[in-house]
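Engineer: One-letter residues, chain by chain:
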Amino acid sequence: MTALPPPLLEARNIGKRFGGVRALQDVSLSIRRGEIYGLIGPNGAGKTTFFNVLTGLYTRDEGEVIFAGAPLPSGEPHRVAQAGIARTFQNIRLFANMSARENVMVGRHARSKVGVAGAVMRSRAQRAEEAAIRQRADELLAYVGIAARADDLAKNLSYGDQRRLEIARALATEPQLLALDEPAAGMNATETGTLRSLIARLRDDGFTVLLIEHDIQLVMGLCDRIAVLDYGQKIADDVPAAVQRNPKVIEAYLGADA
Amino acid sequence: MSAAMSFTRVPRKVQLVLAAMALAALPFMVSAGLGNTWLRVLDFALLYVMLALGLNIVVGFAGLLDLGYIAFYAVGAYVYALLASPHFGLHWPVWAILPVGALAACGFGVVLGAPTLRLRGDYLAIVTLGFGEIVRIFMNNLNAPVNITNGPKGIAGIDPIHIGGHALSQPLEIFGVTIPALVLNYYFFLALALLVMLAGLRLHDSRIGRAWAAIREDEMAAKACGINTRNVKLLAFAMGASFGGLAGGLFASFQAFVSPESFSLMESIMVLCMVVLGGMGHIPGIILGALVLTVLPEAFRHGAGPVQQAVFGQVLVDPENLRMLLFGMALVVVMLYRPSGLWPDPRHRQEFNSR
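Chains A and B are the protein sequences, given in the same order. For the record, in the first sequence the residue sitting at position 20 is 20 according to our numbering, with numbers rising by one throughout. For the record, in the second sequence the residue sitting at position 114 is 114 according to our numbering, with numbers rising by one throughout.
Here chain A stands alone, though its shape is the one from the complex (with noise of 0.2 Å):
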């Protein structure tokens, strides 16, 4: 048996609690480089509780997260963007009152430096930095397919067409893993099936996805592996057709005498 790679991002033993209630328990996964990895579990399983953990927005209490070979800062998301994990929300949050293509390119601002000196001044490195912000912006917006839509203000766009600009946003920070907190929730059939054709893409184009979703048929279609959260401990961990088998996710599903 050759040795595996180093996955990409591994958590060990995350602990999270609120006053006196345990969101997370002991949790432990690894994302390999290149794969989709799902994260499932029934309502209040604590999936986006770990997302929140894992970007930084909450701090965590135990445990530690190695990413890209080095440690993952705790509680400080700009970080961990700067560090390469790229995420979007349950409930969409873009800036409302930009237009689509200045969202993307605020994700560009951790990849690019120009202060205030050069920004006033508008040097010729401002210039050129600013001309090549905008023109991946516009290349983002033309690879989740919503080029049209670049001068429309954010609040205006169709509702599946937001969920596109958050993970066109997303990859403008260059991430090596995309986090997706359901991107389907509240989308139509034909919605999620250009949703799910945007994040195979994603995949064949080298980015490691880490999905968090309710839409099962998604989920299964697509991942690679999955984890399953249940009271926030997590309970399977493994590729969909053994996931669907498996008895402690069927409990956690459907009850204990499905």
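Hints in this document: simulated from the structure, not taken from any laboratory. A couple of the hints might just be wrong.
Taking CB as the label site, the calculated pair distances span [to be verified]:
1. B/I179 with A/E139: 51 to 61 Å
2. B/P115 with A/R22: 53 to 63 Å
3. A/S158 with B/R347: 18 to 28 Å
4. A/R201 with B/L265: 55 to 65 Å
None of the values given here were measured: they were computed from a predicted structure. C-beta: ideal position from N, C-alpha, C; glycine also.
Fit chain B to the supplied structure of chain A, relying on the hints for placement.
Structural biologist: Below, chain B alone, put in the same frame as chain A:
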């Protein structure tokens, strides 16, 4: 319509030259038509333009409600007063003091910004309000045990700005033409106001301006985009404060006198009104707001008496009392009929109409 259309066809350089000529001629027209009182008002209007543009960075760009902004104006003014007056016997040149004043105000901006980073909206407003009052009260009381600010009596005899050996408080004879002191001040203030405006416009259209806008729109999403919101917010406070400090220095030299009562909460509120009424975040709107709110109270002050005399044959209400009443009513009317400001960002206005 056709005149406006044809104007847009005029080359940009020609437009700029025409605008520059109009701005250069303005003080002479005001002086000839309305008198020196109004010329003075015009000079003050330019100071308020600078203040409003500075506050706009904090409130309009970054979305941080600051009710104590006048404190930075005060810091700039007192730095100038202490370094160029008989009070300490110091007489630094203007080119040294204005940057020092702006830097000192910038430092105060960071001092205010750092502990308030976690606060937003109402809570931030209350803390900044307190900060503004603290600075004023310090200036009122720092005359004992060591006399630094001369307390409520203020500092008098402040040096005028000297440029090329000429004091701006004296008229200048050039090619046989006499340019009055108020006009000289106007030109100098105008130049600095234009620089502040240019800096504001360029910051707005930069990576930093986008980061400010992102924080204003959704701070959590901004963090997730890799923006260090702490540093970017501090930068907004620091930049806004430096512009306030710069305007403060000019104010001190122009008045030749500073005292704590010039920096009351009412002044902070006036500058905030200029920003909100003009159109938050939109620089042309801010300038309009500052001009309107400087000129309007003065117009009421000078106009209310004669108008009453003409209509009723006598002055029924003291113009001084009527002034703030009319001013308040004007504010209410503007906010009712133009809730996004007199001249908001066209993109947002379009949005507002389409709703």
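Engineer: None of the hints should be skipped; say for each whether it holds.
Structural biologist: So, going through the hints one by one against the coordinates:
B/I179 and A/E139 have their C-beta atoms about 55 Å apart, which keeps the hinted 51 to 61 Å range intact. As the Cβ distance of B/P115 to A/R22 is approximately 33 Å, the hint placing it in 53 to 63 Å is violated. Remark: the range hint 18 to 28 Å for A/S158 to B/R347 is upheld by a beta-carbon distance near 19 Å. Taking 55 to 65 Å as the suggested C-beta distance range, the pair A/R201 and B/L265 conforms, at roughly 57 Å.
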